[in-house]
Amino acid sequence: MRITAVIVTCTVGLVFALQAATSPTASTPALVQVFSNGVVICPTGAFSSGHASKGEEVRFDFGLPSVPPVRRFLLDNVPILQTEWEHLGIRYVQRVCITRLNDGPLDSAAEDALLVVQIYGESMVQEYTNASASLAVQVGGNFWPLELRGGWIYCPGQPKTQPLAFLDIPSVGIVKTNGLRLEFQGHMPPANTGAMTLFIPRHPITPGKSADRLLDLDVNEILGRVRDYWRRPEAQKLRPPLEWGDEVKTTPAPETRKP
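In the working numbering, the protein residues as written are 4 to 262.
Worth flagging that the hints you see were computed from the coordinates, not collected in a lab. A few of these clues could be false.
[Stated by the list, open to error] DSBU-like mimics (lysine-lysine), calculated; alpha carbons at most 35 Å apart, straight line:
id: 1; residue 1: K212; residue 2: K179
id: 2; residue 1: K179; residue 2: K163
id: 3; residue 1: K240; residue 2: K212
id: 4; residue 1: K212; residue 2: K163
Using the sequences plus the hints, can you model the full thing?
Structure representation (structure tokens):
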């Protein structure tokens, strides 16, 4: 199965800025936090602000292994936060970064900012094994029902009718398309790999040029753009828009009937 991770759209010298992003004990809060269990938390006014009410944080839980990660680091020493777990013969990798739909500085406050989360799985054993992931969203502490249609993730029953995010994943890996937790699974041959990617816009995207542009995005190109931007001299004076969180308790989403 190809599991894609979600990319999230969220002044000191470079040394201090990278230390703040690299150290899991950084005390100054950043815009978006990535925790050791793979949970990504967007504070008030950050991504999906068109869906959340004022004062509500948005939490994305990807159902990653409930074991300590084997590694957490900045990919290529830029604000691409990578976490790796090994569980039941599968190596899970999560990459989180912020980009934009259009050209310009990668400002997480830009109207077209985009949070990207990529989840990558790799079989480490010599027999077939299963890889799994899921997606649950909490807004202000409450789980929101989700519905996956044509790659777009909607929130039935909420005032906003625009999609919350877009998920790039092969249809063969989709197990559950609606409820409080979307579920994904793949039967992986030895040494096989796969990924899924979640794109979360700062503001809801309506059909048109912006939606078409999002559908055309390539994860490798996004990672290259983020890498190139944060290596520029002008960017090295800025504080990265992401930081590590130490640990956050995960509340399982209540069971819902499968479609």
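Hint-by-hint comparison with the structure:
For the given pair, K212 sits about 29 Å from K179 by alpha-carbon distance, which is consistent with the 35 Å threshold. For the given pair, K179 sits about 22 Å from K163 by alpha-carbon distance, which is consistent with the 35 Å threshold. With a C-alpha separation of about 33 Å, the suggested pairing of K240 with K212 holds against the 35 Å cut-off. The hinted pair formed by K212 and K163 meets the criterion: a straight-line CA distance of about 20 Å does not exceed 35 Å.
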